[in-house]
Amino acid sequence: NAGVTQTPKFQVLKTGQSMTLQCAQDMNHNSMYWYRQDPGMGLRLIYYSASEGTTDKGEVPNGYNVSRLNKREFSLRLESAAPSQTSVYFCASSEVRFGNTIYFGEGSWLTVV
Amino acid sequence: AQTVTQSQPEMSVQEAETVTLSCTYDTSESDYYLFWYKQPPSRQMILVIRQEAYKQQNATENRFSVNFQKAAKSFSLKISDSQLGDAAMYFCAYSYQGGSEKLVFGKGTKLTVNP
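Just so you know, the protein sequences line up as chains Y and A, in that order.
When you line the first sequence up against this note's numbering, it's residues 1446 to 1558, in that order.
When you line the second sequence up against this note's numbering, it's residues 753 to 867, in that order.
Read the hints as simulated data drawn from the structure, not as lab findings.
Warning: the hint list may mix true and false statements.
[What the hints assert, rightly or not] No farther apart than 20 Å at their CA atoms in a straight line, the calculated lysine to any residue pairs in the SDA-like style are these:
1. Lys807/A x Tyr777/A
2. Lys859/A x Ala753/A
3. Lys859/A x Glu1504/Y
4. Lys859/A x Tyr1548/Y
5. Lys862/A x Pro1484/Y
6. Lys1502/Y x Ser794/A
7. Lys862/A x Ser817/A
8. Lys859/A x Arg1489/Y
9. Lys859/A x Ser826/A
10. Lys1502/Y x Gln754/A
11. Lys1454/Y x Ser794/A
[Unchecked claim] Derived Cβ-Cβ restraints for the label pairs, each shown as a range:
12. Lys859/A x Val1541/Y: 39 to 49 Å
13. Ser826/A x Ser1496/Y: 30 to 40 Å
14. Arg1489/Y x Phe816/A: 18 to 28 Å
15. Lys859/A x Val1457/Y: 36 to 46 Å
16. Asn1473/Y x Glu804/A: 31 to 41 Å
[Stated by the list, open to error] One side of the interface only, derived from the structure: several residues of chain Y facing chain A at Cβ under 8 Å:
17. Met1486
18. Leu1488
19. Leu1490
20. Tyr1493
21. Gly1503
22. Pro1506
23. Gly1508
24. Tyr1509
25. Ile1547
26. Phe1549
27. Glu1551
For glycine and all other residues, C-beta sits at the position ideal for the given N, C-alpha and C.
Just need the whole structure built from these sequences, with the hints factored in.
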């Protein structure tokens, strides 16, 4: 059972480059999330999708776009990467029917130079 | 807006002893969930324990238990018989039941287990 799978695991970008982080879950969850984690901080919500076809901004959405491609997949795009976006990114999913517990992917380490 | 506060940036415990990590939260809602997540050096986020606010009984998972004080908005995690593998960052998190299930996290407590 794969759970939440995100790719790539590691990426180095130059300032101004674009990239997309991919995320897929196989638990049939309706809700999916993108968080970022910076040193000394907890996880902060970038965007979330409560169901297929809907997306909403979280706490720190600036500089990011998302796409809920279908129920399984939720991608995060950096259109023009900045050094401030150097972080560890986590995709996650949850389902109200299963008690709101959120399950996380293994994280993607992104460095912008 | 809901907030979660972990007042102990770092804690240490001797192997086999007991340690308690503190967490307080602020919300005006009556129905919600609280969680403790463990993050080892691998960075994987691992669910340790969860508590539904409507339940008065404190949740327990093996060596992990919580002290949930709803009126005081306090949710502490007790680790009994600490093991070296318990060393990690621990994050307290809140989720509102009525709307989206998105989590609000505290900033974490780094737990060191000394042999």
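Evaluated hints:
1. As the CA atoms of Lys807/A and Tyr777/A are separated by approximately 17 Å, the hinted pair is consistent with the 20 Å bound.
2. Restraint check: the Cα-Cα separation between Lys859/A and Ala753/A comes to about 16 Å, which is no more than 20 Å; the hinted pair holds.
3. Between Lys859/A and Glu1504/Y the alpha-carbon distance is near 15 Å, which keeps this suggested pair within the 20 Å criterion.
4. Between Lys859/A and Tyr1548/Y the alpha-carbon distance is near 19 Å, which keeps this suggested pair within the 20 Å criterion.
5. A distance of roughly 12 Å separates the Cα atoms of Lys862/A and Pro1484/Y; the hinted pair therefore holds under the 20 Å criterion.
6. With a C-alpha separation of about 28 Å, the suggested pair Lys1502/Y and Ser794/A falls outside the 20 Å cut-off, and the hint is violated.
7. For a cut-off of 20 Å, the pair hint linking Lys862/A to Ser817/A stands: about 18 Å separates their Cα positions.
8. In summary, the hint linking Lys859/A to Arg1489/Y is supported, as the alpha carbons are separated by about 10 Å, within the 20 Å threshold.
9. The suggested pairing of Lys859/A with Ser826/A holds, with an alpha-carbon distance near 16 Å, which does not exceed 20 Å.
10. This hinted pair checks out: Lys1502/Y and Gln754/A have alpha carbons roughly 16 Å apart, not beyond 20 Å.
11. Under the criterion of a C-alpha separation no larger than 20 Å, the hint pairing Lys1454/Y with Ser794/A is consistent with the structure, at around 12 Å.
12. Distance hint check for Lys859/A and Val1541/Y: the Cβ-Cβ separation is about 27 Å, which falls outside the suggested range of 39 to 49 Å.
13. Remark: the range hint 30 to 40 Å for Ser826/A to Ser1496/Y is upheld by a beta-carbon distance near 33 Å.
14. The hinted range of 18 to 28 Å is satisfied by Arg1489/Y and Phe816/A, whose Cβ atoms lie roughly 25 Å apart.
15. For the pair Lys859/A and Val1457/Y, the supplied restraint of 36 to 46 Å is violated, since their beta-carbon distance comes to about 27 Å.
16. For the pair Asn1473/Y and Glu804/A, the supplied restraint of 31 to 41 Å is violated, since their beta-carbon distance comes to about 22 Å.
17. Using the Cβ-Cβ criterion of 8 Å, the hint placing Met1486/Y at the interface with chain A is satisfied: the shortest such distance is roughly 6 Å.
18. Evaluation of the Leu1488/Y hint against chain A yields a held restraint, the C-beta minimum of about 5 Å falling below 8 Å.
19. A distance limit of 8 Å between C-beta atoms decides the matter here; for Leu1490/Y the minimum to chain A is near 6 Å, and the interface restraint holds.
20. Interface hint at Tyr1493/Y: satisfied, since its Cβ lies 5 Å from the closest Cβ of chain A, which is below the 8 Å cut-off.
21. About 7 Å separates the beta-carbon of Gly1503/Y from the nearest beta-carbon of chain A, less than 8 Å, and the hint is met.
22. Hint status for Pro1506/Y relative to chain A: violated, with the closest Cβ pair at about 13 Å, above 8 Å.
23. This hint is violated: Gly1508/Y has a C-beta 19 Å from the nearest C-beta of chain A, more than the 8 Å allowed.
24. About 15 Å separates the beta-carbon of Tyr1509/Y from the nearest beta-carbon of chain A, more than 8 Å, and the hint is not met.
25. Interface restraint check: Ile1547/Y against chain A, minimum CB-CB distance 6 Å, threshold 8 Å, status holds.
26. A least Cβ separation of about 4 Å between Phe1549/Y and chain A falls short of the 8 Å threshold, and the interface hint therefore holds.
27. Residue-level restraint check for Glu1551/Y holds (minimum Cβ-Cβ distance to chain A is 6 Å; threshold 8 Å).
Violated hints, listed in ascending order, are 6, 12, 15, 16, 22, 23 and 24; each of the other numbered hints is respected by the structure.
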